[in-house]
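Novice: Read top to bottom, the protein sequences are chains A and B. So the first sequence is numbered by the working numbering: it starts at 164 and just counts up by one. So the second sequence is numbered by the working numbering: it starts at 164 and just counts up by one.
Hints are computed from structural coordinates only; laboratory data are not their basis. This one's a predicted model, so the numbers in the text were calculated from it and none came from an experiment. Note that the Cβ used here is the ideal one computed from N, Cα and C, for glycine as well. Hints are supplied without guarantee of correctness; some may be wrong.
[Said to hold, decoys possible] Sample of chain A residues facing chain B (criterion: CB under 8 Å; computed from the structure):
id, residue
1, 212
2, 213
3, 229
4, 390
5, 421
6, 440
2 protein chains.
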Amino acid sequence: MSTLPLARRLQNVETSAIRELFKLLGKPGIISFAGGFPDSAMFDVEGLRQASAKALAEEPGGALQYGATEGYEPLRTELAAFMRAKGVRDIGPEGLVVTTGSQQALDLLGKTLVDPGDKVIVEGPTFLATIQCFRLYGAEVISAPIDAHGVQTDSLEQLMAQHRPKFVYLIPTFGNPSGALLGLERRRKVLELAVKYQTLVVEDDPYGDLYFGEAPPPSILALTNEVPGSRELVVHCGSLSKVLSPGLRVGWLIAPHELLGKAVMCKQFSDAHTSTFAQATAAQYLKSGRMPGTLRQVRRAYAQRAQAMGDALQRELGDAIEFTQPRGGLFFWARLTGAGGRIQDAGEFARRAIEQGVAFVPGAPFFATEPDASALRLSFATADVGRIDEGMARLKKAL
Amino acid sequence: MSTLPLARRLQNVETSAIRELFKLLGKPGIISFAGGFPDSAMFDVEGLRQASAKALAEEPGGALQYGATEGYEPLRTELAAFMRAKGVRDIGPEGLVVTTGSQQALDLLGKTLVDPGDKVIVEGPTFLATIQCFRLYGAEVISAPIDAHGVQTDSLEQLMAQHRPKFVYLIPTFGNPSGALLGLERRRKVLELAVKYQTLVVEDDPYGDLYFGEAPPPSILALTNEVPGSRELVVHCGSLSKVLSPGLRVGWLIAPHELLGKAVMCKQFSDAHTSTFAQATAAQYLKSGRMPGTLRQVRRAYAQRAQAMGDALQRELGDAIEFTQPRGGLFFWARLTGAGGRIQDAGEFARRAIEQGVAFVPGAPFFATEPDASALRLSFATADVGRIDEGMARLKKAL
Numbered sequence: 164m165s166t167l168p169l170a171r172r173l174q175n176v177e178t179s180a181i182r183e184l185f186k187l188l189g190k191p192g193i194i195s196f197a198g199g200f201p202d203s204a205m206f207d208v209e210g211l212r213q214a215s216a217k218a219l220a221e222e223p224g225g226a227l228q229y230g231a232t233e234g235y236e237p238l239r240t241e242l243a244a245f246m247r248a249k250g251v252r253d254i255g256p257e258g259l260v261v262t263t264g265s266q267q268a269l270d271l272l273g274k275t276l277v278d279p280g281d282k283v284i285v286e287g288p289t290f291l292a293t294i295q296c297f298r299l300y301g302a303e304v305i306s307a308p309i310d311a312h313g314v315q316t317d318s319l320e321q322l323m324a325q326h327r328p329k330f331v332y333l334i335p336t337f338g339n340p341s342g343a344l345l346g347l348e349r350r351r352k353v354l355e356l357a358v359k360y361q362t363l364v365v366e367d368d369p370y371g372d373l374y375f376g377e378a379p380p381p382s383i384l385a386l387t388n389e390v391p392g393s394r395e396l397v398v399h400c401g402s403l404s405k406v407l408s409p410g411l412r413v414g415w416l417i418a419p420h421e422l423l424g425k426a427v428m429c430k431q432f433s434d435a436h437t438s439t440f441a442q443a444t445a446a447q448y449l450k451s452g453r454m455p456g457t458l459r460q461v462r463r464a465y466a467q468r469a470q471a472m473g474d475a476l477q478r479e480l481g482d483a484i485e486f487t488q489p490r491g492g493l494f495f496w497a498r499l500t501g502a503g504g505r506i507q508d509a510g511e512f513a514r515r516a517i518e519q520g521v522a523f524v525p526g527a528p529f530f531a532t533e534p535d536a537s538a539l540r541l542s543f544a545t546a547d548v549g550r551i552d553e554g555m556a557r558l559k560k561a562l
Numbered sequence: 164m165s166t167l168p169l170a171r172r173l174q175n176v177e178t179s180a181i182r183e184l185f186k187l188l189g190k191p192g193i194i195s196f197a198g199g200f201p202d203s204a205m206f207d208v209e210g211l212r213q214a215s216a217k218a219l220a221e222e223p224g225g226a227l228q229y230g231a232t233e234g235y236e237p238l239r240t241e242l243a244a245f246m247r248a249k250g251v252r253d254i255g256p257e258g259l260v261v262t263t264g265s266q267q268a269l270d271l272l273g274k275t276l277v278d279p280g281d282k283v284i285v286e287g288p289t290f291l292a293t294i295q296c297f298r299l300y301g302a303e304v305i306s307a308p309i310d311a312h313g314v315q316t317d318s319l320e321q322l323m324a325q326h327r328p329k330f331v332y333l334i335p336t337f338g339n340p341s342g343a344l345l346g347l348e349r350r351r352k353v354l355e356l357a358v359k360y361q362t363l364v365v366e367d368d369p370y371g372d373l374y375f376g377e378a379p380p381p382s383i384l385a386l387t388n389e390v391p392g393s394r395e396l397v398v399h400c401g402s403l404s405k406v407l408s409p410g411l412r413v414g415w416l417i418a419p420h421e422l423l424g425k426a427v428m429c430k431q432f433s434d435a436h437t438s439t440f441a442q443a444t445a446a447q448y449l450k451s452g453r454m455p456g457t458l459r460q461v462r463r464a465y466a467q468r469a470q471a472m473g474d475a476l477q478r479e480l481g482d483a484i485e486f487t488q489p490r491g492g493l494f495f496w497a498r499l500t501g502a503g504g505r506i507q508d509a510g511e512f513a514r515r516a517i518e519q520g521v522a523f524v525p526g527a528p529f530f531a532t533e534p535d536a537s538a539l540r541l542s543f544a545t546a547d548v549g550r551i552d553e554g555m556a557r558l559k560k561a562l
C-alpha cells in the first residue's frame with residue numbers, strides 16, 4: 164500500500180529528539196547520565212523471586228488467569244495500605260485502580276477526559292511522554308513556569324483563569340526532569356485553585372518515596388483533608404517502577420469515583436487488565452514486609468550519588484552551570500549560564516559531550532511551550548560515585 | 164465537582180449488557196458456560212514457575228528494568244520462530260511487536276488508524292471488546308454476515324465497495340463468539356479483496372492453536388505468500404492468553420513496517436512497554452520446549468469437552484436449538500429455533516437459565532449492527548464433562 168490511512172491524531176506527535184540521542188548511547192565506553200531509569204543493581208531480585216514463587220504456589224489461578232480490570236484485589240489492598248501509610252486517610256482498595264505502569268494512568272486520563280482542542284496545563288518542563296500522550300488525544304498542552312520550589316502558583320492561576328483547562332498535571336515531588344520539590348504552601352494553593360476554578364488536578368508521584376534527608380511534604384492528595392471540596396478534584400498516579408521494578412509495570416490511579424469508573428471502562432478496551440502475574444508478585448512483595456528496607460537502601464544509594472554529582476558539577480563546571488541540589492528523585496536540572504563566553508546551547512553541548520564519552524539529555528524537549536535551550540537533565544541514578552566523577556571530568560572537556 | 168468534563172468519545176460506548184449478567188454469576192452453585200476464559204486447571208504452573216525463576220536468575224536486569232517498547236528481544240525471537248513454525252515464512256523478531264495482551268494490539272490499531280467517523284468492517288457477530296475498542300476512537304463499526312464457514316466473502320465485498328472501510332477485522336479461526344472456521348478458499352478471497360480494494364485486513368488469531376482434530380487452514384497472514392501484493396495489507400494479532408496464560412498479558416502484533424512503527428510510537432505513550440517480567444518469563448517458557456506438550460494437553464481436554472457439550476445440547480434441547488459443532492476454540496454459537504412454540508429470545512432464556520443454576524451469554528451484544536436476538540454463546544472450556552452434562556440438563560428445564 165502506497166500510503167497508510169493513518170489517523171489524524173498522529174500528526175500531533177513526533178518521535179522525540181531524545182530518542183534520536185539515545186541511539187548514540189550504544190557507543191562503547193560512554194558514561195550516561197541520560198537515562199530516566201532506576202539502577203538495576205538496586206532491584207531486590209531475591210525478594211521478587213520469592214514473591215513470584217509464592218504467588219504461583221498460593222494462588223496460581225489468580226496469578227495466571229484473566230483478572231478484574233480494576234486490579235488484583237490483594238494488590239489493591241496492599242496499595243491502599245501503602246497510601247494510607249503516606250497520609251492519605253480515606254483510601255481503601257476500591258478507591259484505586261491498578262494500571263500498567265503509571266504511563267497507562269496518563270493514557271486513561273487522556274482517553275477519558277481529553278477532546279481534541281481541550282487545554283491541559285503542565286509544568287514547564289515536564290515529563291516528555293506526558294506531553295505526547297495528551298497530544299495524541301488532541302490536547303493543547305500549555306506550560307506553567309516552575310522554579311526550584313515547583314510550579315509558580317501565581318502564574319498557574321493566571322493560566323487557569325485564561326485557558327480554563329480540562330485539568331492541570333503536576334509532578335510535585337522531585338519532578339522529571341526538574342527534580343523540583345513543590346513546597347507545602349504551594350501545594351495548599353494548588354488545591355485552593357482546583358476548588359476555585361473547579362478544575363481537576365492530576366498529581367503524578369513516581370518519585371515521592373525517593374527522598375534523601377527529611378521526607379517531603381504530604382502529597383497533594385493527602386493534603387485534600389485540609390482544603391474543603393478538594394478531594395473530588397484530585398487525581399493521583401502512583402508507581403512501583405522507581406522504587407521496586409519498572410519491569411513489573413505496576414502503577415495505580417486514584418480518582419474521583421465517577422472518573423475512576425470511566426477509566427476502568429477504557430482500560431477494559433486498552434489491555435483488559437494489568438498482568439495478574441506481575442500484580443500477584445507485587446502484592447506478595449508488599450505483603451512480605453521487605454519494602455521499607457528496600458526503600459531505605461535505594462534512598463541511601465541515590466542520596467550519595469546526588470551528593471557526588473552536585474559536588475562534581477560545581478568542581479568541574481563552576482560558573483558555567485547553575486542548578487539546585489535535588490532533595491530526592493533521580494535528576495539534576497541545570498542551566499548553562501554562558502559565563503565567560505562558554506557554551507549556552509544544551510543541544511550543542513550534548514553533541515560535544517557524546518564526543519567526549521559522556522551523555523545527558525538537553526532540556527528543550529521537556530517543554531510543551533517556550534523551550535529553554537540552555538537547560539539540561541542529568542540523572543545520577545545509574546552511575547556509581549567513581550563514574551560520576553569521571554563523567555563530570557569529561558563534561559568539563561566538552562565545555 | 165458536579166459533572167465531570169468527560170471526553171465526547173465516551174458517549175460511543177457503554178458498559179456492556181454482558182458485564183451486568185456476569186454480576187449474577189456469583190450465585191452459589193451456578194454452572195457457568197458464560198466465560199471466555201481458558202481453564203485455570205490447565206495452566207502449566209510448574210513450567211511457568213521454572214521459566215520465571217530462570218528469567219530472574221539469568222538476566223534479572225532484563226526481567227525487571229524498563230525495556231524496549233517493541234518488546235523484549237529474546238521473546239520477539241521466540242515468537243517469530245513460533246509464527247514461522249505456523250507457516251509464516253518471512254517473519255523475524257523485527258517484524259513483530261509485543262503487546263499487553265492482544266487487546267492492546269486492537270487498541271493500538273484504533274489509535275493509529277481510526278479517525279472519528281471512519282468505518283471498520285467486522286464479523287457479525289464478533290468479539291465485543293473489539294467493537295467497543297474501535298468505537299472509542301470514533302469508528303462506525305459495520306457487521307459483515309457470517310455462517311459456519313466464517314465471513315461470507317460476497318457480502319464482505321459488497322460492504323467493502325460500499326463503505327470503503329479503514330480496515331476489515333476478522334477472527335477467522337474458531338472466532339469468538341462464533342466458533343466458526345473460515346475456509347481456505349474464503350481466506351484467499353479475503354486477501355484478493357484486500358488487494359482489490361487496497362484495504363488493510365486485521366486477522367485476530369488467539370484461538371488458532373486450539374484445534375481438536377485436523378489443523379485449520381494456514382492463517383491469512385501465512386497465505387499472503389499465495390496472493391501477490393497482499394503481505395503489506397495484512398495485520399495479525401497473536402496471543403499466549405488462550406494457550407498458556409492470560410495473566411501474563413503477552414500478545415503480539417505483526418503489521419506492515421510503517422504501521423508497526425506508528426503502533427510502537429503509540430504504545431510508548433500507552434504503557435511504555437509490556438511487563439518485561441512477564442515477557443522474560445514467556446520467553447523462557449517458549450525456549451524450554453514445553454509449549455508443544457502443553458498445546459497437546461489443552462487441545463485434548465477442550466476437544467473432549469466440546470464433544471460432550473455438542474452431544475448434550477442435542478440430547479437435552481433437540482430441535483429447540485441449532486448449531487454447528489466447533490472444530491476448535493472455546494465456544495459453541497447456537498440459535499434458538501422457536502420450534503414447537505418454545506422460547507426464541509436468548510436474553511429471556513439466559514435469565515430463566517440463571518434461575519435454574521446455569522449461565523451462558525446471549526448473542527445479541529456481539530453484533531455491531533443487526534443483532535440476532537435468538538443467538539447465544541456457550542463456552543465449554545472451564546467445565547468438565549460431568550458439569551457440562553448437568554448444566555445442559557438444567558438448560559432443558561429453563562427451556
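Novice: Next, verify each hint and record whether it holds.
Specialist: The hints, checked one at a time:
no.: 1; hint: 212; in the structure: holds, 5 Å
no.: 2; hint: 213; in the structure: violated, 10 Å
no.: 3; hint: 229; in the structure: holds, 4 Å
no.: 4; hint: 390; in the structure: violated, 14 Å
no.: 5; hint: 421; in the structure: holds, 5 Å
no.: 6; hint: 440; in the structure: holds, 5 Å
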